[in-house]
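K.L.:
Letter by letter, the chains look like this.
4 protein chains.
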Amino acid sequence: MGNFKEDIAKVRAIVLDVDGVLTDGGIIVTPDGDFMRKYNSKDGYAMSLAQRKGYYLAIITGGRGNCLKVRFDAIGIQHVYMDCHEKLKTLKQLCEKLDLQPEEVMYMGDDVPDLEPMRYVGMPVCPADAAPEVVEASRYVSQFRGGEGCVRDVIEQVMRARGDWYKEGDEPIRVASR
Amino acid sequence: MGNFKEDIAKVRAIVLDVDGVLTDGGIIVTPDGDFMRKYNSKDGYAMSLAQRKGYYLAIITGGRGNCLKVRFDAIGIQHVYMDCHEKLKTLKQLCEKLDLQPEEVMYMGDDVPDLEPMRYVGMPVCPADAAPEVVEASRYVSQFRGGEGCVRDVIEQVMRARGDWYKEGDEPIRVASR
Amino acid sequence: MGNFKEDIAKVRAIVLDVDGVLTDGGIIVTPDGDFMRKYNSKDGYAMSLAQRKGYYLAIITGGRGNCLKVRFDAIGIQHVYMDCHEKLKTLKQLCEKLDLQPEEVMYMGDDVPDLEPMRYVGMPVCPADAAPEVVEASRYVSQFRGGEGCVRDVIEQVMRARGDWYKEGDEPIRVASR
Amino acid sequence: MGNFKEDIAKVRAIVLDVDGVLTDGGIIVTPDGDFMRKYNSKDGYAMSLAQRKGYYLAIITGGRGNCLKVRFDAIGIQHVYMDCHEKLKTLKQLCEKLDLQPEEVMYMGDDVPDLEPMRYVGMPVCPADAAPEVVEASRYVSQFRGGEGCVRDVIEQVMRARGDWYKEGDEPIRVASR
Numbered sequence: 001m002g003n004f005k006e007d008i009a010k011v012r013a014i015v016l017d018v019d020g021v022l023t024d025g026g027i028i029v030t031p032d033g034d035f036m037r038k039y040n041s042k043d044g045y046a047m048s049l050a051q052r053k054g055y056y057l058a059i060i061t062g063g064r065g066n067c068l069k070v071r072f073d074a075i076g077i078q079h080v081y082m083d084c085h086e087k088l089k090t091l092k093q094l095c096e097k098l099d100l101q102p103e104e105v106m107y108m109g110d111d112v113p114d115l116e117p118m119r120y121v122g123m124p125v126c127p128a129d130a131a132p133e134v135v136e137a138s139r140y141v142s143q144f145r146g147g148e149g150c151v152r153d154v155i156e157q158v159m160r161a162r163g164d165w166y167k168e169g170d171e172p173i174r175v176a177s178r
Numbered sequence: 001m002g003n004f005k006e007d008i009a010k011v012r013a014i015v016l017d018v019d020g021v022l023t024d025g026g027i028i029v030t031p032d033g034d035f036m037r038k039y040n041s042k043d044g045y046a047m048s049l050a051q052r053k054g055y056y057l058a059i060i061t062g063g064r065g066n067c068l069k070v071r072f073d074a075i076g077i078q079h080v081y082m083d084c085h086e087k088l089k090t091l092k093q094l095c096e097k098l099d100l101q102p103e104e105v106m107y108m109g110d111d112v113p114d115l116e117p118m119r120y121v122g123m124p125v126c127p128a129d130a131a132p133e134v135v136e137a138s139r140y141v142s143q144f145r146g147g148e149g150c151v152r153d154v155i156e157q158v159m160r161a162r163g164d165w166y167k168e169g170d171e172p173i174r175v176a177s178r
Numbered sequence: 001m002g003n004f005k006e007d008i009a010k011v012r013a014i015v016l017d018v019d020g021v022l023t024d025g026g027i028i029v030t031p032d033g034d035f036m037r038k039y040n041s042k043d044g045y046a047m048s049l050a051q052r053k054g055y056y057l058a059i060i061t062g063g064r065g066n067c068l069k070v071r072f073d074a075i076g077i078q079h080v081y082m083d084c085h086e087k088l089k090t091l092k093q094l095c096e097k098l099d100l101q102p103e104e105v106m107y108m109g110d111d112v113p114d115l116e117p118m119r120y121v122g123m124p125v126c127p128a129d130a131a132p133e134v135v136e137a138s139r140y141v142s143q144f145r146g147g148e149g150c151v152r153d154v155i156e157q158v159m160r161a162r163g164d165w166y167k168e169g170d171e172p173i174r175v176a177s178r
Numbered sequence: 001m002g003n004f005k006e007d008i009a010k011v012r013a014i015v016l017d018v019d020g021v022l023t024d025g026g027i028i029v030t031p032d033g034d035f036m037r038k039y040n041s042k043d044g045y046a047m048s049l050a051q052r053k054g055y056y057l058a059i060i061t062g063g064r065g066n067c068l069k070v071r072f073d074a075i076g077i078q079h080v081y082m083d084c085h086e087k088l089k090t091l092k093q094l095c096e097k098l099d100l101q102p103e104e105v106m107y108m109g110d111d112v113p114d115l116e117p118m119r120y121v122g123m124p125v126c127p128a129d130a131a132p133e134v135v136e137a138s139r140y141v142s143q144f145r146g147g148e149g150c151v152r153d154v155i156e157q158v159m160r161a162r163g164d165w166y167k168e169g170d171e172p173i174r175v176a177s178r
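Protein chains in written order, with my numbering: chain A, 1 to 178; chain B, 1 to 178; chain C, 1 to 178; chain D, 1 to 178.
Because identical chains share one entry, a pair is satisfied inside a single copy or across any pair of copies.
Derived lysine-lysine pairs resembling DSSO-like cross-links, with alpha carbons at most 30 angstroms apart:
1) K10 x K97
2) K89 x K167
3) K167 x K92
4) K69 x K97
5) K5 x K92
6) K92 x K69
7) K97 x K53
8) K53 x K89
9) K10 x K89
10) K92 x K53
11) K5 x K89
12) K53 x K10
13) K10 x K69
Calculated from the structure, these hints are not laboratory results.
Produce the complete structure using the sequences and hints provided.
P.N.:
What follows is the structure in structure tokens.
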């Protein structure tokens, strides 16, 4: 493990848990027994911008259901693993498929099932309100809570370190309902 | 009433109110007149883990409706009492059915209808934002508010006291959408 | 205007605005163009208890729609005025119908359309996050914000002043999904 | 750029972004893949009042969908541009159509796609939780966050500066569900 500023500039893939990271952990149950989640528009903007600039974005979640699929389809995320309960195994397969070294991967998780994949990557990060074990295992703890812009924060950190973050005059990006 | 650390290690059943405990007390009314509630994924994870490790989980609530049933079915909670307005009576029946002594039961409530069952059990607990009478009647007040992880907190306290909490390398558990 | 403690004990009718009082002001718009609101279970409990003990409860709101009606039907509130834009006129009609003097009425509002009815009653009150003019016009400002228990707080204040608040051993009340 | 108090009194058009301004940035995804947003009743009241007093209100958003259209139809906003990814171009067209000079326009945005239109107008403003670049580019930063009354705050600032804000005794306005 080297210098943080140098290491964050090595990241070219961003892997995200959903509940507690892209959301505040809230799961709204509908009368029909479906689930709804609330996402954050600033996170969505950063994910869209990162993809356009050539970063890999991936989702690995134990959750499932249409309200996950719809969101990630809208943003155009190509690597989405739902209903996934062996996160480390899935992460390794993803790295192999995309020819990624662990030090090129940032993983953001919030709870104990994320610990194994976080130990594997070079840049484990978490929201302000992650479980204590996860905070302990992280190289960077966002000041933002899950669902309140923590994903935007870490993507922006990576992109600024590599000089890719939005500059005024950049061509606008199209984000499906953000 | 003995030493807190000793007493919490006696708990093998966790009984929960819903509104204000598993939620922030919010009830979203749909245009069709149904109700929706927002649960917390960290609470869900802890309930699933506790059940797998052999704890009894039970819900006793004055609420009713599909958005309650669906959530608890998904987590696989076997003892769910909805539309229940005599909570103490129901709790006693549950204890008899499962052959539980009051000191083996933790009850988490947030409002005055929970006072009677809280007086009955050995380990009455509440969220940070419970009604003052309920705070007064509790042996432990979580730092987390209803719907923001207070259930996770108290389940984790019990399981750590008994050495059952998640350890890295534990087999992953399957939580239906958490 | 007399002593606060004496005056609050005169209240036998509680009149409530909806948006920003019984909710945090949030209006969720569905894909079908309907509106949803999020209510608070502790508020619901207090409204049910107050009605059972013989208080008049009334709602006067500029809002309309099924998600209002359903909620107040569930709690059994008899005096509900929706789509109401002349709040003072409506309040006066209500007082006449129920033979109430202004000093027997508590009115809780959060925004400038509530100022006129608040000037009329003996006990104008508001949530912590009411508009500054409304705070100025109130005899009591709850420490709780709209939708976070401010209605529970003021109903409890009235009922405690009159010795009607919940005591352990009271017969349980039935609240439709709280 | 002149004196703030003088400049804010020149405003006769208020142009608003949606996500993060009229909402907290939250996008709730339904099981059918639709989007829901949560608006604030105090913002709605101020928008309705401003329109009745002759201000121009406009929405320019990258988002789209029925839950946007419905909300702005209900309030009666005439100038709504959805699915808009070239905000500056759209803003200029609006100014031309309504014969507005940049110094007569207030623009409230929260994120980097809002920077270009904010540079164009005389009165760029933002919510408390806007992106740092947007805070930097603003002449006024509301103490309120997106979706928590920041739009109400800035509309009220303009209307007070021009003597148009609500006075007791004003004829009530009709706001469709606020």
